[in-house]
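Number of protein chains: 2
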Amino acid sequence: MSHTAEIIAVGTELLLGNIVNTNARDISQALSAVGVNVFWHTVVGDNPARLKDALDIARRRADIIITTGGLGPTYDDLTKQTICEAFGRKLVLHQDILDNIRAYFEKNVHMAMPENNVQQAELPEDCTVFGNPVGTAPGCAFETGGIHVLMLPGPPFEMLTMLRDHALPYLRGLSSEVIVSHDIMTFGLGESPMEELLREKMSHMENPSLATYAKPSEVRLRATAKAAGREEAEAMLAPVVEEITALLGDVVYGIDVPGLENVCMDLLKKQGRTFATAESCTGGRIAERITALPGASAVYRGGAVSYWTSVKARVLGVPQEILDTCGAVSEETARAMAEGARTITGAEIAVSVTGVAGPDPDERGVPVGIVYIGLATPDGTFCRPCDFGKRRRDRIQDLAANHAFDVLRRYLTGLPIQIR
Amino acid sequence: MSHTAEIIAVGTELLLGNIVNTNARDISQALSAVGVNVFWHTVVGDNPARLKDALDIARRRADIIITTGGLGPTYDDLTKQTICEAFGRKLVLHQDILDNIRAYFEKNVHMAMPENNVQQAELPEDCTVFGNPVGTAPGCAFETGGIHVLMLPGPPFEMLTMLRDHALPYLRGLSSEVIVSHDIMTFGLGESPMEELLREKMSHMENPSLATYAKPSEVRLRATAKAAGREEAEAMLAPVVEEITALLGDVVYGIDVPGLENVCMDLLKKQGRTFATAESCTGGRIAERITALPGASAVYRGGAVSYWTSVKARVLGVPQEILDTCGAVSEETARAMAEGARTITGAEIAVSVTGVAGPDPDERGVPVGIVYIGLATPDGTFCRPCDFGKRRRDRIQDLAANHAFDVLRRYLTGLPIQIR
Numbered sequence: 000m001s002h003t004a005e006i007i008a009v010g011t012e013l014l015l016g017n018i019v020n021t022n023a024r025d026i027s028q029a030l031s032a033v034g035v036n037v038f039w040h041t042v043v044g045d046n047p048a049r050l051k052d053a054l055d056i057a058r059r060r061a062d063i064i065i066t067t068g069g070l071g072p073t074y075d076d077l078t079k080q081t082i083c084e085a086f087g088r089k090l091v092l093h094q095d096i097l098d099n100i101r102a103y104f105e106k107n108v109h110m111a112m113p114e115n116n117v118q119q120a121e122l123p124e125d126c127t128v129f130g131n132p133v134g135t136a137p138g139c140a141f142e143t144g145g146i147h148v149l150m151l152p153g154p155p156f157e158m159l160t161m162l163r164d165h166a167l168p169y170l171r172g173l174s175s176e177v178i179v180s181h182d183i184m185t186f187g188l189g190e191s192p193m194e195e196l197l198r199e200k201m202s203h204m205e206n207p208s209l210a211t212y213a214k215p216s217e218v219r220l221r222a223t224a225k226a227a228g229r230e231e232a233e234a235m236l237a238p239v240v241e242e243i244t245a246l247l248g249d250v251v252y253g254i255d256v257p258g259l260e261n262v263c264m265d266l267l268k269k270q271g272r273t274f275a276t277a278e279s280c281t282g283g284r285i286a287e288r289i290t291a292l293p294g295a296s297a298v299y300r301g302g303a304v305s306y307w308t309s310v311k312a313r314v315l316g317v318p319q320e321i322l323d324t325c326g327a328v329s330e331e332t333a334r335a336m337a338e339g340a341r342t343i344t345g346a347e348i349a350v351s352v353t354g355v356a357g358p359d360p361d362e363r364g365v366p367v368g369i370v371y372i373g374l375a376t377p378d379g380t381f382c383r384p385c386d387f388g389k390r391r392r393d394r395i396q397d398l399a400a401n402h403a404f405d406v407l408r409r410y411l412t413g414l415p416i417q418i419r
Numbered sequence: 000m001s002h003t004a005e006i007i008a009v010g011t012e013l014l015l016g017n018i019v020n021t022n023a024r025d026i027s028q029a030l031s032a033v034g035v036n037v038f039w040h041t042v043v044g045d046n047p048a049r050l051k052d053a054l055d056i057a058r059r060r061a062d063i064i065i066t067t068g069g070l071g072p073t074y075d076d077l078t079k080q081t082i083c084e085a086f087g088r089k090l091v092l093h094q095d096i097l098d099n100i101r102a103y104f105e106k107n108v109h110m111a112m113p114e115n116n117v118q119q120a121e122l123p124e125d126c127t128v129f130g131n132p133v134g135t136a137p138g139c140a141f142e143t144g145g146i147h148v149l150m151l152p153g154p155p156f157e158m159l160t161m162l163r164d165h166a167l168p169y170l171r172g173l174s175s176e177v178i179v180s181h182d183i184m185t186f187g188l189g190e191s192p193m194e195e196l197l198r199e200k201m202s203h204m205e206n207p208s209l210a211t212y213a214k215p216s217e218v219r220l221r222a223t224a225k226a227a228g229r230e231e232a233e234a235m236l237a238p239v240v241e242e243i244t245a246l247l248g249d250v251v252y253g254i255d256v257p258g259l260e261n262v263c264m265d266l267l268k269k270q271g272r273t274f275a276t277a278e279s280c281t282g283g284r285i286a287e288r289i290t291a292l293p294g295a296s297a298v299y300r301g302g303a304v305s306y307w308t309s310v311k312a313r314v315l316g317v318p319q320e321i322l323d324t325c326g327a328v329s330e331e332t333a334r335a336m337a338e339g340a341r342t343i344t345g346a347e348i349a350v351s352v353t354g355v356a357g358p359d360p361d362e363r364g365v366p367v368g369i370v371y372i373g374l375a376t377p378d379g380t381f382c383r384p385c386d387f388g389k390r391r392r393d394r395i396q397d398l399a400a401n402h403a404f405d406v407l408r409r410y411l412t413g414l415p416i417q418i419r
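Just so you know, the protein sequences line up as chains A and B, in that order.
FYI, numbering that gives the first Met the number 0 numbers position 106 of the first sequence as 105, with every residue one higher than the one before it.
FYI, numbering that gives the first Met the number 0 numbers position 372 of the second sequence as 371, with every residue one higher than the one before it.
Since the hints were derived computationally from the structure, they do not count as laboratory data.
Do not take every clue at face value.
Copies of one chain are not kept apart here, so a pair can be met inside one copy or by any two copies together.
[Said to hold, decoys possible] With a straight-line Cα cutoff of 25 Å, these simulated DSS-like cross-link-like pairs (lysine-lysine) come out:
| id | residue 1 | residue 2 |
| --- | --- | --- |
| 1 | K106 | K51 |
| 2 | K214 | K269 |
| 3 | K200 | K225 |
| 4 | K214 | K106 |
| 5 | K106 | K389 |
| 6 | K269 | K106 |
| 7 | K51 | K214 |
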């Protein structure tokens with residue numbers, strides 16, 4: 000029997016437009032992956048009467064109600080109390096949860112727990128407790144009259160962690176079939192050309208199904224199969240993933256990997272190599288993305304953010320004549336920056352980026368969107384020239400960082416540096 | 000008389016989690032600025048029956064209903080038809096709109112208008128037409144029984160253009176009051192202690208009202224006033240903002256500013272100074288945040304990401320004996336990193352960060368969460384030691400970057416480097 004879900008986000012800041020409801024999107028994606036239909040999203044403020052109304056409406060049209068937000072310690076966090084009133088449950092103090100919250104404060108915040116956090120240890124009686132290892136507010140779920148009510152915290156990371164570790168296992172238990180997906184991660188082919196390439200296949204596919212999700216300069220291709228068991232679903236997916244990967248060729252950089260930087264990190268680890276960075280217009284984005292990964296120190300030594308031309312010369316040793324004759328945004332400078340980063344850090348490989356992120360052209364009139372990616376290696380120095388056109392500054396910076404990781408990936412896998 | 004609005008987004012792709020509902024956020028922001036209370040966001044799929052239900056619910060609890068999406072030319076674009084059925088209006092063909100759409104196709108798409116676009120020229124009788132210069136689907140508004148229904152297109156850019164040029168002028172005509180808000184931005188005081196500090200005030204305040212919004216290590220305090228005009232609202236807010244700012248003291252880093260990096264950039268520009276960075280555990284986050292701002296090159300020269308200890312010595316010139324005796328994560332190293340960044344870039348001021356972001360302690364056993372912020376200036380070198388506890392890696396990195404900007408802000412404004 001298939002379920003119908005409504006997601007109710009509680010938070011006045013959503014109604015004021017201070018934040019966007021990414022939780023509803025993330026929960027919807029996750030639910031569709033476990034075969035639960037989401038027919039409604041609702042947002043209400045921190046207002047008990049209106050939340051009560053929303054719950055009364057939701058229980059008439061959905062058999063799974065998932066709330067986000069309102070579990071915090073402040074006076075306007077009223078989700079649990081209101082849900083308990085709406086569904087006639089008592090709110091009871093869980094001493095073990097209270098102990099955990101006190102411990103969390105002493106361990107992580109190094110202060111005694113403020114008294115108003117006590118209410119976070121109160122949960123509906125006879126509920127399934129969802130622990131919160133990355134915050135103080137626990138979540139929970141209970142079933143009453145065939146309706147399942149799940150409460151998740153509002154902060155996106157806490158919500159995502161609890162969704163993955165508690166809510167999804169709970170919901171999977173309600174469904175008889177499993178849904179398994181694999182993501183074919185690609186870089187360098189737009190969504191439209193890819194869909195034209197795959198239209199024939201995609202239109203005929205029901206189960207497994209294929210869907211594309213475009214990020215700036217990346218397309219994630221998701222293959223999804225429904226079956227009675229995981230093994231069966233995996234057996235249905237294997238040939239599809241294989242066929243699509245073969246069809247797309249080297250724009251595929253991985254299966255079920257989060258991003259290009261993860262692939263680069265794995266390749267460098269396997270090959271026992273280290274790399275360095277020399278960033279101008281990306282201003283530290285490449286370094287930031289690799290050091291966001293635990294264990295980055297095994298493969299990343301460091302580098303320079305040579306934002307000023309003088310820093311390119313003084314720190315990276317880019318020859319002044321190159322800067323004078325070719326300019327700071329040029330293939331020659333990109334190459335010299337990479338070689339400089341390799342030298343000063345002692346890394347085996349170095350990537351560099353120099354370009355114009357905008358909003359204005361550089362002092363030599365190089366237009367916005369022109370970016371050069373350099374790569375210095377034991378096999379020589381390479382460069383990928385890019386023209387991203389006049390886009391938003393942060394788009395150009397993200398695109399440039401993505402291309403830098405793609406250049407590194409292609410070198411480490413023996414592919415040509417340029418995208419055909 | 001003040002109005003109550005509900006925003007209904009129509010689109011199955013929202014319920015599948017393929018896109019996030021930025022339209023609801025953008026409309027909410029715009030409405031709060033014209034004094035319209037938004038009490039509900041609803042998302043419903045491309046399904047006439049459920050849209051009809053949503054409209055029946057909305058008309059009972061709101062006197063302004065704004066829909067987004069479902070105005071397109073395809074078979075599943077049913078918003079206009081469903082609204083007309085729900086409110087008993089006829090759909091009539093507007094010949095002038097049809098002519099515009101035909102012209103739009105010839106001019107921008109360089110093809111004859113497909114026949115299914117004819118339905119885009121059909122609008123409810125006796126409605127105010129909202130032209131769409133950046134797309135083909137016009138919007139509209141009509142009033143019936145005291146309820147105003149506005150239909151806007153789904154593509155965000157088309158929606159935003161029509162909101163600004165048509166929907167907001169229409170709504171301003173309905174409202175007699177304006178709402179003005181100011182954000183008091185603070186760093187260094189948690190949400191709970193702040194609310195304990197302000198509870199007395201906040202609980203008694205109706206108009207202007209006060210609300211807190213917590214980000215990692217930052218709390219935004221929003222003061223909001225409703226009045227007949229902007230001047231009156233500003234006059235109501237001024238003493239509140241002044242009083243709260245005086246009460247909170249130097250944890251307030253600005254009013255209506257987006258973040259600490261913006262404040263640092265403005266201070267450096269005003270003072271005609273430049274700065275540099277030396278980042279270890281933050282791995283480029285500080286550089287990335289300042290270079291995300293257009294015009295950063297006026298104040299930021301660059302710096303080093305000295306992730307490996309050897310890079311701290313080779314690139315930043317941190318004395319080997321300091322690294323050997325005190326360790327890479329120490330006050331002495333933080334100071335030497337900042338002084339090194341200042342030297343190699345020629346910047347007047349340099350900030351540095353060295354610490355343990357985790358998940359594991361460093362090789363000397365320094366625990367996760369220990370971070371030292373260094374600051375090298377013409378007035379000497381300073382250090383703020385921090386202990387963030389065992390948190391998530393990216394939280395520690397973000398906290399460290401925030402503290403680095405706070406140290407810089409405090410130096411530039413003549414405040415003590417340490418938070419009391």
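Do the hints match the structure? See the list:
no., hint, in the structure
1, K106 with K51, "neither (36 Å within a copy, 51 Å between copies)"
2, K214 with K269, "neither (28 Å within a copy, 38 Å between copies)"
3, K200 with K225, "within (18 Å within a copy, 56 Å between copies)"
4, K214 with K106, "between (38 Å within a copy, 20 Å between copies)"
5, K106 with K389, "between (49 Å within a copy, 7 Å between copies)"
6, K269 with K106, "neither (36 Å within a copy, 41 Å between copies)"
7, K51 with K214, "neither (38 Å within a copy, 28 Å between copies)"
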